[in-house]
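**Q** Kindly generate the complete structure, drawing on both the sequences and the hints.
Going from the first sequence to this note's numbering is simple: count from 1 and add 221.
Hints may contain errors.
As the list claims (entries may be wrong) - Simulated crosslink set (DSSO-like; lysine-lysine; CA at most 30 angstroms straight-line): (1) Lys364 to Lys533; (2) Lys704 to Lys592; (3) Lys364 to Lys523; (4) Lys370 to Lys526; (5) Lys475 to Lys370; (6) Lys486 to Lys422; (7) Lys475 to Lys526; (8) Lys475 to Lys509; (9) Lys704 to Lys725; (10) Lys332 to Lys475; (11) Lys281 to Lys364; (12) Lys509 to Lys486; (13) Lys370 to Lys486; (14) Lys725 to Lys595; (15) Lys533 to Lys486; (16) Lys475 to Lys486; (17) Lys509 to Lys403; (18) Lys533 to Lys278; (19) Lys281 to Lys370; (20) Lys422 to Lys509; (21) Lys281 to Lys436; (22) Lys370 to Lys278; (23) Lys526 to Lys486; (24) Lys475 to Lys592; (25) Lys332 to Lys474; (26) Lys403 to Lys486; (27) Lys278 to Lys403; (28) Lys364 to Lys475; (29) Lys704 to Lys595.
The set of hints was computed from the structure by calculation and includes no laboratory data.
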Amino acid sequence: MPANQSFYITTPIYYVNDDPHIGHAYTTLACDALARFKRLDGYDVHFLTGTDEHGQKVEKAAADAGVDPQAFTERVSQRFRQLADDMGFTHDDFIRTTEPRHIEAAQAIWKRLIDRGEIYLGAYEGWYAIRDEAFYAESELTKGADDEKLAPTGAPVEWVEEPSYFFRLSAWQDRLLEFYEKHPDFIAPNSRRNEVTSFVKGGLQDLSVSRVSFKWGVPVPDDADHVMYVWLDALTNYITAAGFPDTESASYKKFWPADVHMVGKDILRFHAVYWPAFLMAAELDPPKRVFAHGWWTNEGQKISKTLGNVIKPHDLVERYGLDQTRYFLLREVPFGNDGDFSRESMVTRMNSELANDYGNLAQRALSMIAKNLKGIAPEPGAFTEDDQAMLNAAGELPAALRPLMDAQAFHEALERIWVVIRAANVYVDRQAPWVLRKTDAPRMGTVLYVLAETIRRLAIMTQPFMPDASAKMLDAVASPGDKRSFGDVTDTAAMLAPGAELPKPQPIFPRYQGEEEGEGA
RNA sequence: GGCGGGGUAGCUCAGCGGUAGAGCAGGAGAAUCAUAAUCUCUUGGUCGGGGGUUCAAAUCCCUCUCCCGCCA
222 MPANQSFYIT TPIYYVNDDP HIGHAYTTLA CDALARFKRL DGYDVHFLTG TDEHGQKVEK
282 AAADAGVDPQ AFTERVSQRF RQLADDMGFT HDDFIRTTEP RHIEAAQAIW KRLIDRGEIY
342 LGAYEGWYAI RDEAFYAESE LTKGADDEKL APTGAPVEWV EEPSYFFRLS AWQDRLLEFY
402 EKHPDFIAPN SRRNEVTSFV KGGLQDLSVS RVSFKWGVPV PDDADHVMYV WLDALTNYIT
462 AAGFPDTESA SYKKFWPADV HMVGKDILRF HAVYWPAFLM AAELDPPKRV FAHGWWTNEG
522 QKISKTLGNV IKPHDLVERY GLDQTRYFLL REVPFGNDGD FSRESMVTRM NSELANDYGN
582 LAQRALSMIA KNLKGIAPEP GAFTEDDQAM LNAAGELPAA LRPLMDAQAF HEALERIWVV
642 IRAANVYVDR QAPWVLRKTD APRMGTVLYV LAETIRRLAI MTQPFMPDAS AKMLDAVASP
702 GDKRSFGDVT DTAAMLAPGA ELPKPQPIFP RYQGEEEGEG A
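**A** Spelled out as structure tokens, the structure:
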């Protein structure tokens, strides 16, 4: 058991202007499962999420709504807190970039960069898209209706000339490549690492890191005309939450560098190129790992507002249940790949794997204890080889899952648990306790003990993925609330106590019986 | 156009030098403790096409083709 080990994991900060959708839920869910896993494994975890509240778009949206930007962000950031509640997320901190602690940190990293000559004042001119908050080269532009110039994203652009501070990103190309070389696990999955390194090898331009064209941002220290460019501001949230600028603080020393930044693949470059460059330039440690996950499609179709097939996490939870939704999202697709949400696969996994394999395993075993042993956990006799093999298979799960979770291979971790669940169903059939009831009652007791104990071990392992259902299952085998960590899987003091009174078993994963009529969102 | 990844059973994918695997779906049977759930057996693939290396190739090399990603 790791003692006093820390684990710092982050989601991106979500742009307040967005409506929370399955993509946001997915990123944070992955972090939540990993954070819970690490906590159960004895780590001191810091799990951070939050909202990105600056930028021209927010300023504009607030103006359109007739409120000041701060009031506007107050209102819309609430939607992301609601999402966290809907999904059962266990973040330790919810950061907002408009908080004083963050403004202080963002200005502090700026000063470090200025002091080291990494930022200089220049001028920017180019085609700028407000919607994307990005500049585009002339060659990238396309023409829309009325000869309007458009960014590759379709956003209208305008010619902007303004003074701007620049970060000397071009000077960091070699050091970044060296860093990737030395830390092969920094970018995951592998295919993404290749993309990033080839991007960096292609040459880096100095990066504009300030704007004078709007005010809703972190003011640049000693130059009130400028606000910080949104990415320098936003990325800094990860160290703000660790205690920066106080690099001597206990929390900064404990949690920085972060263990994993979880991001969608669209913002990988900012996290894998700009962010480590900013940090190294400021003489701060870069994070240990950035994992870029994929996107979801809906019934095979790309999700878009125009198509009207946006998946709202809340709707999934209402329809299928929270743990079922969490399970599906983490089990259906190799983490890092794109995935498809379909009602059919959702219902199949829910019924076949949760209700039939797992839920019914518990129900059949516990019902026999309830009916034949008055709900009292039996005193087991000597374990046979088969018994021992069953218990061991479940007992080995913590060790088997650690490397998988460290690689963010959530689907494989779940599959590994299901190998044991299937083995337990095989064990029940082979031992046939319903036959033993008539022929060898003490042996039946041993078999049922092994089953209940196996279920206890399994339920401990499924907690990170399906916290509520796992808790119910642990309650069903009379597992004390303080003996549910991975150390308790094989700890004899935590094992099912013979004589313990088990509650009347209740189905934990109901089958989905809903009509499948109608299509679309 | 450049770079990278991929094309393996009806579906989703694993295997990446030693004569094809899993889950789901399909078929047959067993059992009856259980949310009619479970278990066993089973149908099914010339591993995208072609060429080469090797005693031996999904697995290495070349080439063609299709799909996806990143960059231009």
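**Q** Could you run down the list of hints and mark each one as holding or not?
**A** Cross-check of the supplied hints:
Restraint check for Lys364 and Lys533: the C-alpha separation of about 34 angstroms exceeds 30 angstroms, so the hint is violated. Taking the CA atoms of Lys704 and Lys592, the gap is near 27 angstroms; set against the 30 angstroms cutoff, the hint holds. Distance hint between Lys364 and Lys523 is fulfilled; the C-alpha atoms sit about 25 angstroms from each other, no more than 30 angstroms. Taking the CA atoms of Lys370 and Lys526, the gap is about 23 angstroms. The hint holds against a cut of 30 angstroms.
At most 30 angstroms may separate the alpha-carbon atoms for a hinted pair to count; Lys475 and Lys370 exceed this at roughly 49 angstroms. Restraint check for Lys486 and Lys422: the C-alpha separation of about 19 angstroms stays at or below 30 angstroms, so the hint holds. In summary, the hint linking Lys475 to Lys526 is not supported, as the alpha carbons are separated by about 42 angstroms, beyond the 30 angstroms threshold. With a C-alpha separation of about 14 angstroms, the suggested pair Lys475 and Lys509 falls inside the 30 angstroms cut-off, and the hint holds.
In summary, the hint linking Lys704 to Lys725 is supported, as the alpha carbons are separated by about 21 angstroms, within the 30 angstroms threshold. Between Lys332 and Lys475 the alpha-carbon distance is near 24 angstroms, which keeps this suggested pair within the 30 angstroms criterion. Our distance criterion of 30 angstroms between C-alpha atoms is met by Lys281 and Lys364, whose separation comes to about 25 angstroms. The hinted pair formed by Lys509 and Lys486 meets the criterion: a straight-line CA distance of about 17 angstroms does not exceed 30 angstroms.
A threshold of 30 angstroms between alpha carbons decides the hint, and for Lys370 with Lys486 the separation of about 27 angstroms falls inside it, so the pair holds. For the proposed pair Lys725 and Lys595, the alpha carbon gap of about 9 angstroms is at most 30 angstroms, so the pair holds. Distance restraint check for Lys533 and Lys486: the Cα-Cα separation of roughly 20 angstroms lies within the 30 angstroms cut-off, and the hinted pair is therefore satisfied. A hinted pair counts as satisfied when its Cα atoms are at most 30 angstroms apart, and Lys475 with Lys486 qualifies at roughly 28 angstroms.
Distance hint between Lys509 and Lys403 is fulfilled; the C-alpha atoms sit about 11 angstroms from each other, no more than 30 angstroms. Note on Lys533 and Lys278: the hinted pairing holds, with a Cα-Cα distance of about 23 angstroms set against a maximum of 30 angstroms. With a CA separation close to 21 angstroms, the supplied pair Lys281 and Lys370 stays within the 30 angstroms bound. Pair hint Lys422 plus Lys509 holds up; C-alpha atoms about 21 angstroms apart against a cutoff of 30 angstroms.
A threshold of 30 angstroms between alpha carbons decides the hint, and for Lys281 with Lys436 the separation of about 11 angstroms falls inside it, so the pair holds. Note on Lys370 and Lys278: the hinted pairing holds, with a Cα-Cα distance of about 19 angstroms set against a maximum of 30 angstroms. Between the alpha carbons of Lys526 and Lys486 the distance comes to roughly 19 angstroms, so the proposed pair stays at or under 30 angstroms and holds. For the hint pairing Lys475 with Lys592, the CA-to-CA distance comes to about 52 angstroms; that exceeds 30 angstroms, so the pair is violated.
Between Lys332 and Lys474 the CA atoms are separated by roughly 21 angstroms; this keeps the pair inside 30 angstroms, and the hint holds. In summary, the hint linking Lys403 to Lys486 is supported, as the alpha carbons are separated by about 22 angstroms, within the 30 angstroms threshold. In summary, the hint linking Lys278 to Lys403 is not supported, as the alpha carbons are separated by about 38 angstroms, beyond the 30 angstroms threshold. For the given pair, Lys364 sits about 52 angstroms from Lys475 by alpha-carbon distance, which is inconsistent with the 30 angstroms threshold.
Between Lys704 and Lys595 the CA atoms are separated by roughly 24 angstroms; this keeps the pair inside 30 angstroms, and the hint holds.
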